[in-house]
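A.B. asks: Residues per chain, in single letters:
Protein chains: 4
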Amino acid sequence: MINIGIIGAGRIGRVHGESISKFVPNAKVKAIADPFLNDNTIAWANALGITETYTDYKKILADKDIQAVLICASTDMHSPLSIEAIQAGKHVFCEKPIDHDVNKIKEVLDVVNASGLKYQVGFNRRFDHNFRAIKEAVASGKIGKQQIIKVTSRDPEAPPIEYVKVSGGIFLDMTIHDFDMVRYLSGSEVTEVFAVGSVTVDPAIGEAGDIDTAVITLKLANGATAVIDNCRKAVYGYDQRAEVFGTKGAIAISNDSNSNAVFSGEEGVVAEKPMYFFLERYMMAYAHEVKSFVDAIENDTETEVNANDGLQPVLIGLAAKKSVQEGRPVTIKEIADEYNL
Amino acid sequence: MINIGIIGAGRIGRVHGESISKFVPNAKVKAIADPFLNDNTIAWANALGITETYTDYKKILADKDIQAVLICASTDMHSPLSIEAIQAGKHVFCEKPIDHDVNKIKEVLDVVNASGLKYQVGFNRRFDHNFRAIKEAVASGKIGKQQIIKVTSRDPEAPPIEYVKVSGGIFLDMTIHDFDMVRYLSGSEVTEVFAVGSVTVDPAIGEAGDIDTAVITLKLANGATAVIDNCRKAVYGYDQRAEVFGTKGAIAISNDSNSNAVFSGEEGVVAEKPMYFFLERYMMAYAHEVKSFVDAIENDTETEVNANDGLQPVLIGLAAKKSVQEGRPVTIKEIADEYNL
Amino acid sequence: MINIGIIGAGRIGRVHGESISKFVPNAKVKAIADPFLNDNTIAWANALGITETYTDYKKILADKDIQAVLICASTDMHSPLSIEAIQAGKHVFCEKPIDHDVNKIKEVLDVVNASGLKYQVGFNRRFDHNFRAIKEAVASGKIGKQQIIKVTSRDPEAPPIEYVKVSGGIFLDMTIHDFDMVRYLSGSEVTEVFAVGSVTVDPAIGEAGDIDTAVITLKLANGATAVIDNCRKAVYGYDQRAEVFGTKGAIAISNDSNSNAVFSGEEGVVAEKPMYFFLERYMMAYAHEVKSFVDAIENDTETEVNANDGLQPVLIGLAAKKSVQEGRPVTIKEIADEYNL
Amino acid sequence: MINIGIIGAGRIGRVHGESISKFVPNAKVKAIADPFLNDNTIAWANALGITETYTDYKKILADKDIQAVLICASTDMHSPLSIEAIQAGKHVFCEKPIDHDVNKIKEVLDVVNASGLKYQVGFNRRFDHNFRAIKEAVASGKIGKQQIIKVTSRDPEAPPIEYVKVSGGIFLDMTIHDFDMVRYLSGSEVTEVFAVGSVTVDPAIGEAGDIDTAVITLKLANGATAVIDNCRKAVYGYDQRAEVFGTKGAIAISNDSNSNAVFSGEEGVVAEKPMYFFLERYMMAYAHEVKSFVDAIENDTETEVNANDGLQPVLIGLAAKKSVQEGRPVTIKEIADEYNL
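Protein chains in written order, with our numbering: chain A, 6 to 346; chain B, 6 to 346; chain C, 6 to 346; chain D, 6 to 346.
Rather than coming from a laboratory, the hints here were simulated on the basis of the structure.
Incorrect hints may appear among the rest.
A pair holds if it fits inside one copy or across any two, identical chains being indistinguishable in the list.
Pairs of lysine-lysine, DSS-like flavour, derived with a Cα cap of 27 Å [what the hints assert, rightly or not]:
no., residue 1, residue 2
1, K150, K170
2, K150, K101
3, K238, K150
4, K238, K253
5, K253, K147
6, K170, K253
7, K238, K147
8, K35, K101
9, K170, K224
10, K69, K147
11, K150, K69
12, K296, K224
13, K338, K327
14, K150, K296
15, K109, K253
16, K63, K253
17, K327, K224
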């Protein structure tokens, strides 16, 4: 049984707290820390049987009975907290992205690699039943040699403009999941990126220096080509699909809905919209990823999404950003060289 | 090249005239006869290259160059015209049903059997690509031993009440196609029928002594059980589905639509309704059935839907009618015995 | 917070124990009793935080801190335990069926009705997301006046022959869920039953006096007709579908799979089989039904599946059994009259 | 009634000959010419009622009773024959592409524009029921403002390597249809192209200087981004899908199959593969496009795919080719400027 401390009791911290209590039998949330701790949070924690609630995360790091921490704080705190937790001897599960700054990620990697401790990044979609079904088919050789990989990823609503301004841009905030998905499904590395961006959802996003719609083409080391299409808003809900096409066939996934009921009426044959957003669609994926992290600690195996898996999508995201800015394909090597990687 | 005469230039006569000209290269419509022949019909015929148009069908029967006739007249004329055409030495394709009166069908059978001429009944659905895909899977042994057969058959609109009154009732008018489909898909005979009928569409149908909604359970000689559900009106269009379930699996067909476009919007994920009615859904089936008939003549093989195939569904329909009237299961033998079959 | 005692630690008792701990935040399993209690069961209970484990269920009934019991014992114990638990002042959740003997169910009803305590029967499928989507559409008036209801229910494997012999027959063991589903979806009562049964899966089932395949037609008080098709074995897995057709449209559900991945290869376009069996397909439904029961206690509202809902499907099952035996439709009134209901 | 002469009696010439005789009632194929005319071709023509068969196409151009010609000769003859036919006063339907050489297309445009005669290019997919359903939804405003357009186009088999060598390359031979489809669906012009190409099917294609797999990103004048993915070989057949995503929703089409039968067995739930190749998938589209051409002549309206529609996809194809060669995005203006367009 692994004792866990959660740093950050916002939306994602609570998702993890709840899913651990329901679905991760070999782990227990011993403590939770949040600088804005209030009665509501304490009540929520107590209802889950979490009796230790702190404003100061250092109490978690100081607790000898806690083996692992989940870093669910704001993005700018991910890398310093990762380093501090590793240095305190804790295994770390860190929400994505590790950081927007590659140099800070490098520091985390250095500390992690020297530590012998487990480090996992929160790319939850890897643990979704649908994406995993593709991954398994690809890894088993069922589709043959990969040729084309397609990922569609559209949100039901654009985030608030204040969030957009500090998000690091669509590629580091939203597409980063899709960059990870391409790496995960293919089992290969991205070598070159060409991205086209546009503002089709909300002019305010453009005024904030970002884009809200993108099509990104990726060359992979294994010879396949991947293409991602993104939009910050789809009126029909959260659209998360993927397809891998290879020499023996293609495997594709579609969206999940709350039910598969189909109504045939005068207007047509109507199925439900996709599940609204990531908390619904990936509820079980959140549980599975922490279960996987806890199992890696218990069994002393490599985590399924390690620190380098946290770094690579950031490099791809920076390449995509540069590609849009300069209107040309950008290699990952070019970005890596900037950071002496 | 087979020369064909069409008797009856109503809707179905025209369907056959057009589909022969487009899709049956080894046949030519040489003449068409209709007692209500008018300028419109003559213009239609001429446009198809049919220059011989008569009010008197006997001119078709007298034409030595015509080898086959299609009987597309009103139902009460099907059996006398069948007999007269056979006696004139013509191969006969007769629209369903041969007759509502079993004794008259018996007379047709006797004349056909003595003649050595081809006789085919217009159960067009047997020639539909979807139903045929089921049939082929069943006949190939792919589904194993048959256990349950399901047929859904619902019309987009109830016919005019005047038609209902002379239709012979839902079982002989509408379900007769489904009784044929059960025999076709299973390759087995029906032995017993239990039918439940209700009036849920239009009280006027009930006042006319008929029902508009029915569920019919059929025991088959091969040990399988079939169930048909019917309704005279489905607001979403023509609903024609079937499933055969057996020891090795199940095979099912759904409806065809004009396109497979799916729209995802705020209201849901919307596909098109089924094709509106039988002329659209079974357009190619009408062509294939006449092609099959012409091929049977040319190759001197058995027709795919022979005179007995015209008789059996009528017996099943009469059993269903009696079942509703008497509230009990009725065997086909009981009906057959009434007619000394 | 409701304290629950579970009587019976077999498969279904464990399902409830686990789902309560994960998904029913306002309930706690305080104790579990099983006459065959062993170390394995104790370990399982302890892992869930259930520290009180007994061989004698009377200890649960005697515990003043337990407000509700779940009866998960063998079928023959359902009715006596129900009565004893009610008499001990406990709210009761009883697995289906209450009993095979209508007289014993009547006794339970009398005791329940006199008690003012909550009683719920374990028709878990009512709490499945797909069936519930149909129910809500029907109840909202979206499909208009009901005309035809169809339920397909096929198991992936026939049960052991020893189980078949004591099961009460297919109608009381398996179809009882479908009878309940027809009542649930329609919100109406069944008035007459006609059932056709056959042995197509395993001759040993026939030798045991049972059937393994059935098609059952049901007349409903609201004027609709329902039809259920059952088989003890479908090679492709657990097949649970339903459709309600009415004057404004039809709503249908299909099976759930572990993923929606579709593989297109040389052999065809292949989707996954349905989830294997009821524990997978209805995992969340088991949680929702107990949650609903606990909520009914907390809020002092009627349970969603009351004792009469436990009685009616048994009457329908007995009618179906008689219908097969006597080859005729049987009214529910005829069965009810036998028992002075 | 329009009299048509077909120049070229190869595969596509025959497709048009047959579909006109079946589906274009207001046209008649009066003559066909092919330099390699043989008995087989003559027999085929006669069976369709085409009695005039020539080796010299000039006889068609000289026939005063022929108002329109279909140019189905080899690609290098498309532009000279177009010019000669226009100069002979014939309306022209020309198979795609008009030419690989932009200068030659320009000559055709000049001649066509000066003539007042109808000119249509054979982009048959525009007349497919599925693509047309998307087009109509987009044009009606149903999807709102366009944001992302996706076209998947994969062939079941790579063509013979000898064909590849003279094909003009994948972009002018295969993707040209998809470039046209983007223009058709969007109703907008392409402004910039970025293409990634690879050889994943057959190294011989690479040795011939071509690629067999491509992902092409297109910027459109209306602000949308389009992405096409191509492969010369998909083992599951001819894969032709599209999706347009906009501010009010997305509309997508999938493949057509010979039947919609679905088999559920031990291996999974198996649907049919897509129709094998373009002759099956687009059979009716070939008929509809010629019908549209004939209607344009009869009604003196603009053809649905005019000469400029033949030019634009070639420019896009050349931009794509250059993009792969130079590893950068290429504007259509850059290509147009090369040709003083």
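A.B. asks: Now look at each hint and say whether the structure bears it out.
C.D. replies: Here is what the structure says about each hint:
For the homomeric pair K150 and K170, the shortest alpha-carbon distance between copies (25 Å) is at most 27 Å, but the shortest distance inside one copy (41 Å) is not. Taking identical chains as interchangeable, the C-alpha atoms of K150 and K101 are never at most 27 Å apart, the minima being 30 Å within one chain and 32 Å between chains. When the C-alpha separation of K238 and K150 is checked against a cutoff of 27 Å, the pair qualifies only between copies, where the shortest distance is 13 Å, while the shortest distance within a copy is 34 Å. Within a single copy, K238 and K253 get their C-alpha atoms only as close as 34 Å, which misses the 27 Å cut-off; across copies the closest is 10 Å, which meets it.
With identical chains, the CA atoms of K253 and K147 are at most 27 Å apart both within one copy (7 Å) and between copies (24 Å). Taking CA atoms no more than 27 Å apart as the test, K170 paired with K253 passes between copies only; the shortest distance there is 26 Å, against 44 Å inside one copy. Within a single copy, K238 and K147 get their C-alpha atoms only as close as 34 Å, which misses the 27 Å cut-off; across copies the closest is 16 Å, which meets it. Only within a single protomer do K35 and K101 lie at most 27 Å apart by alpha-carbon distance; the minimum there is 23 Å, versus 40 Å between protomers.
In this assembly of identical chains, the alpha carbons of K170 and K224 lie at most 27 Å apart only when taken from different copies (26 Å versus 29 Å within one copy). In this assembly of identical chains, the alpha carbons of K69 and K147 never lie at most 27 Å apart, being 47 Å within a copy and 59 Å across copies at closest. When the C-alpha separation of K150 and K69 is checked against a cutoff of 27 Å, the pair qualifies neither within a copy, at 49 Å, nor between copies, at 57 Å. Neither within a single protomer nor between protomers do K296 and K224 lie at most 27 Å apart by alpha-carbon distance, with minima of 33 Å and 43 Å respectively.
For the homomeric pair K338 and K327, the shortest alpha-carbon distances inside one copy (13 Å) and between copies (24 Å) are both at most 27 Å. Within a single copy, K150 and K296 get their C-alpha atoms no closer than 31 Å, and across copies no closer than 43 Å, so neither meets the 27 Å cut-off. In this assembly of identical chains, the alpha carbons of K109 and K253 never lie at most 27 Å apart, being 42 Å within a copy and 41 Å across copies at closest. Taking the closest pair of Cα atoms, K63 and K253 never come within 27 Å of each other, the shortest separation being 53 Å inside a single copy and 48 Å across copies.
Both within a single protomer and between protomers do K327 and K224 lie at most 27 Å apart by alpha-carbon distance, with minima of 16 Å and 18 Å respectively.
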